[in-house]
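Q: These are the residues of each chain, in order.
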Amino acid sequence: MKEYFNLQIKLIGRKFREIGLHPILAIILLMVALIALSIYAYKKTEFAPYILSFLALSFIMKLSEVKRNEFLKTIFKSNEHIKIRIIENLILTIPFLIILLFFYSYFEASLLLLISIIFAIKSMKSDYKFTIPTPYFKKPFEFTIGFRKTFYLIPLAYILTVISISVNNFNLGIFSFLLVFVVYFSYYFKPEEEYFVWSFDANPKSFLLYKIKTALMQSTYFVLPIALTLSYFYLSEILLVLLFLIIGYTFLIFFIVAKYSTYPDEIGIVQGIILALSIFFPPILLMIIPLLFNQSQKRLNYLLQ
Amino acid sequence: MIEIKDLTKKYGDKIVLKNINLQFNKGKVYGIVGENGAGKTTLFRCISGLEKYDGEIKSELNPLKNYIGLLLTNPYFFTRITGREYLQLLCNARKIKIEDFEKQNIFNLPLNQYASTYSTGMKKKLAITAILLQKNKVFILDEPYNGVDIQSNLIITELILELKKLNKTLIISSHIFSTLNDTCDEIHLLEKGELIKTVQKEDFKKLEEEMKTTAIGNKVKKMNLK
Numbered sequence: 001m002k003e004y005f006n007l008q009i010k011l012i013g014r015k016f017r018e019i020g021l022h023p024i025l026a027i028i029l030l031m032v033a034l035i036a037l038s039i040y041a042y043k044k045t046e047f048a049p050y051i052l053s054f055l056a057l058s059f060i061m062k063l064s065e066v067k068r069n070e071f072l073k074t075i076f077k078s079n080e081h082i083k084i085r086i087i088e089n090l091i092l093t094i095p096f097l098i099i100l101l102f103f104y105s106y107f108e109a110s111l112l113l114l115i116s117i118i119f120a121i122k123s124m125k126s127d128y129k130f131t132i133p134t135p136y137f138k139k140p141f142e143f144t145i146g147f148r149k150t151f152y153l154i155p156l157a158y159i160l161t162v163i164s165i166s167v168n169n170f171n172l173g174i175f176s177f178l179l180v181f182v183v184y185f186s187y188y189f190k191p192e193e194e195y196f197v198w199s200f201d202a203n204p205k206s207f208l209l210y211k212i213k214t215a216l217m218q219s220t221y222f223v224l225p226i227a228l229t230l231s232y233f234y235l236s237e238i239l240l241v242l243l244f245l246i247i248g249y250t251f252l253i254f255f256i257v258a259k260y261s262t263y264p265d266e267i268g269i270v271q272g273i274i275l276a277l278s279i280f281f282p283p284i285l286l287m288i289i290p291l292l293f294n295q296s297q298k299r300l301n302y303l304l305q
Numbered sequence: 306m307i308e309i310k311d312l313t314k315k316y317g318d319k320i321v322l323k324n325i326n327l328q329f330n331k332g333k334v335y336g337i338v339g340e341n342g343a344g345k346t347t348l349f350r351c352i353s354g355l356e357k358y359d360g361e362i363k364s365e366l367n368p369l370k371n372y373i374g375l376l377l378t379n380p381y382f383f384t385r386i387t388g389r390e391y392l393q394l395l396c397n398a399r400k401i402k403i404e405d406f407e408k409q410n411i412f413n414l415p416l417n418q419y420a421s422t423y424s425t426g427m428k429k430k431l432a433i434t435a436i437l438l439q440k441n442k443v444f445i446l447d448e449p450y451n452g453v454d455i456q457s458n459l460i461i462t463e464l465i466l467e468l469k470k471l472n473k474t475l476i477i478s479s480h481i482f483s484t485l486n487d488t489c490d491e492i493h494l495l496e497k498g499e500l501i502k503t504v505q506k507e508d509f510k511k512l513e514e515e516m517k518t519t520a521i522g523n524k525v526k527k528m529n530l531k
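These protein sequence lines map, in sequence, to chains A and B.
Note that my numbering has the first sequence beginning at 1, numbered continuously upward.
Note that my numbering has the second sequence beginning at 306, numbered continuously upward.
If you are wondering where the hints come from, they were derived from the structure by calculation, not from laboratory data.
Incorrect hints may appear among the rest.
Claimed, not checked - Cross-link-like lysine to any residue pairs, in silico, SDA-like; alpha carbons within 25 angstroms at most:
no. : chain 1 : residue 1 : chain 2 : residue 2
1   : A       : Lys190    : B       : Lys470
2   : A       : Lys149    : B       : Lys470
3   : A       : Lys298    : B       : Ser364
4   : B       : Lys333    : B       : Ile436
5   : A       : Lys67     : B       : Tyr423
6   : A       : Lys190    : B       : Leu366
7   : A       : Lys62     : A       : Leu179
8   : B       : Lys400    : A       : Phe141
9   : A       : Lys149    : A       : Phe102
10  : A       : Lys139    : B       : Tyr381
11  : B       : Lys470    : B       : Leu366
12  : A       : Lys62     : A       : Phe207
13  : B       : Lys400    : B       : Lys440
Said to hold, decoys possible - Ranges between beta-carbon positions, derived for each pair:
no. : chain 1 : residue 1 : chain 2 : residue 2 : range
14  : B       : Lys402    : A       : Thr220    : 18 to 26 angstroms
15  : A       : Glu65     : B       : Ile460    : 43 to 51 angstroms
16  : A       : Ile28     : B       : Lys310    : 50 to 58 angstroms
17  : B       : Gln505    : A       : Ile132    : 19 to 27 angstroms
18  : A       : Gly268    : B       : Asp318    : 21 to 29 angstroms
19  : B       : Asn523    : A       : Thr74     : 31 to 39 angstroms
20  : A       : Thr220    : B       : Ala520    : 40 to 48 angstroms
21  : A       : Ile159    : B       : Glu404    : 35 to 43 angstroms
22  : A       : Phe151    : B       : Lys402    : 48 to 56 angstroms
23  : B       : Met528    : A       : Ile86     : 44 to 52 angstroms
24  : B       : Ser421    : A       : Ser78     : 20 to 28 angstroms
25  : A       : Phe151    : B       : Asp311    : 17 to 25 angstroms
26  : B       : Glu514    : A       : Glu65     : 42 to 50 angstroms
27  : B       : Asn486    : A       : Arg14     : 44 to 52 angstroms
Model, not experiment: these values are computed from the prediction.
Cβ coordinates follow ideal geometry from the N, Cα and C atoms, glycine included.
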């Protein structure tokens, strides 16, 4: 068991080094980011404990993947396997639990602890072969797959929009709006296999424009109803809604060109820094996007001549 | 036609392909054989433009990669993408418009199911269907028979022969010699990255015998099985 965790530490270390960060520095940065996000969330919304719990659960779900667990079951005795799974889930959950307890969210903390243990013991395997329907089936793949992975977040955003209107909290409405965009951004975090770029009958420029056009079109499906609802109920803030809509679309374009600017490698620390700067000062994107677009063309050249 | 001149591929200091000279014509089926690691897949990746190389690959099809249907040994499938969406993705990539995939679903695949849940053989059949729908002019098939059931093997052989009739160029690798015997016009033997022999159809039997002798030798006896 000890060897297993040593190996996991090695693997995590390698992942951080691949993106150019020393593992200890990366962990410190992650902790700082988590604390900053928690403080911000608790200041801004009463839904902070749910946001944090959701975040923790999304990591736990990753560890509970069926194939991963079946592999662990084949190599460890059943009691050892369960012990490993519980320890893994607890290691991930503890930072979130500490924050929840610090902000007196005792109920959410207990629920999170309970769920993380249940996920360690119970297999997620299901014989029920259900295909989640998606409105994005005509133009796979980013939104098709992404929607299926994160479909539960879309109704959550819509519920937040409704709550924002019922309690007359415009900021919460904007938060729900941005939540949908953040979900969309996550569809572009990982580079796809070269085969799926190579297959395109297009040069790098038209390939990138096709990807951007598709993303803008497909993102509109769920973003527009929220934008229209907010504009209708907060008519005086319509310009602000429009501004956030433009910012959302611009960031979406940023994520696409950032992804291909490092292709076939994953988005690196440089793009992370640019993103951080852009969040504080979005107009910088108007300069950054053309640069990354050019960089992407160069990176795609070897596959799309 | 595809003409390969002095193709060399290195990974660092390691030479994977050395001075390969080959010609692939329309309406012909070519077999590439060799042991694991002989360089077959690397050769396919070079022709497809997935690898950089030294030397020259010429074709009247420009750019060649847009006319190639490439079947990889282990085709990759995203999780949570259905068979139908996979076909749609690859057709969109080549600007091919198809409304009803069911008509051309000759392997009777469950197209509404996630492709990642398919068996090895079903995945291969889905990938084959996709490159057929793309209406390519050149087909590079790396182990098309791997993991596929007997019935589908027969269909694949028929498909290859039909594509040949349609004047397409086909380049195939297979570990099952009989399948090459049934389909190929010419077989090229690769060994440690070098092209050591080209054999015409009439000499396939001889090549098979030679390969058996070299491959088996007295290796089994050495194991001293009891």
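Q: Against each hint, give a clear statement of whether it holds in the structure.
A: Quick rundown of the hints versus the structure:
The suggested pairing of A/Lys190 with B/Lys470 is violated, with an alpha-carbon distance near 42 angstroms, which exceeds 25 angstroms. At most 25 angstroms may separate the alpha-carbon atoms for a hinted pair to count; A/Lys149 and B/Lys470 exceed this at roughly 44 angstroms. Taking the CA atoms of A/Lys298 and B/Ser364, the gap is about 24 angstroms. The hint holds against a cut of 25 angstroms. Between B/Lys333 and B/Ile436, the direct Cα distance comes to roughly 18 angstroms. Compliance with the 25 angstroms bound is thereby established for this hinted pair.
The straight-line distance between the Cα atoms of A/Lys67 and B/Tyr423 is roughly 14 angstroms, inside the 25 angstroms bound, and the hint therefore holds. For a cut-off of 25 angstroms, the pair hint linking A/Lys190 to B/Leu366 is broken: about 32 angstroms separates their Cα positions. Proposed proximity of A/Lys62 and A/Leu179 is supported: the alpha carbons are some 20 angstroms apart, at most 25 angstroms. Note on B/Lys400 and A/Phe141: the hinted pairing holds, with a Cα-Cα distance of about 15 angstroms set against a maximum of 25 angstroms.
Restraint check for A/Lys149 and A/Phe102: the C-alpha separation of about 31 angstroms exceeds 25 angstroms, so the hint is violated. Note on A/Lys139 and B/Tyr381: the hinted pairing holds, with a Cα-Cα distance of about 18 angstroms set against a maximum of 25 angstroms. Proximity of B/Lys470 to B/Leu366 is assessed by CA-CA distance (about 19 angstroms); at most 25 angstroms being required, the pair is judged to hold. A C-alpha spacing of about 31 angstroms is found between A/Lys62 and A/Phe207, which places the hinted pair above 25 angstroms, so the restraint is violated.
Proposed proximity of B/Lys400 and B/Lys440 is supported: the alpha carbons are some 11 angstroms apart, at most 25 angstroms. The supplied range of 18 to 26 angstroms is met by B/Lys402 and A/Thr220, whose beta-carbon atoms lie about 23 angstroms from each other. For the pair A/Glu65 and B/Ile460, the beta carbons lie near 34 angstroms from each other, so the given range of 43 to 51 angstroms is not met. The given range of 50 to 58 angstroms is respected by A/Ile28 and B/Lys310, whose C-beta atoms sit roughly 55 angstroms from each other.
Distance hint check for B/Gln505 and A/Ile132: the Cβ-Cβ separation is about 53 angstroms, which falls outside the suggested range of 19 to 27 angstroms. Separation of A/Gly268 from B/Asp318 is about 28 angstroms and conforms to the stated range, judged on CB atoms against 21 to 29 angstroms. B/Asn523 and A/Thr74 have their C-beta atoms about 37 angstroms apart, which keeps the hinted 31 to 39 angstroms range intact. At roughly 59 angstroms, the beta-carbon separation of A/Thr220 and B/Ala520 lies outside the given 40 to 48 angstroms, and the hint is violated.
Our hint of 35 to 43 angstroms for A/Ile159 and B/Glu404 holds, since their Cβ atoms are close to 36 angstroms apart. With their beta carbons about 28 angstroms apart, A/Phe151 and B/Lys402 fall outside the hinted range of 48 to 56 angstroms. Between B/Met528 and A/Ile86, the C-beta spacing of about 45 angstroms keeps the proposed range 44 to 52 angstroms intact. The beta-carbon spacing between B/Ser421 and A/Ser78, approximately 27 angstroms, falls within the hinted interval of 20 to 28 angstroms.
Judged by the Cβ atoms, the range 17 to 25 angstroms given for A/Phe151 and B/Asp311 is violated: they are separated by roughly 53 angstroms. Distance hint for B/Glu514 and A/Glu65: a CB-CB separation of about 48 angstroms, consistent with the stated range 42 to 50 angstroms. For the pair B/Asn486 and A/Arg14, the beta carbons lie near 46 angstroms from each other, so the given range of 44 to 52 angstroms is met.
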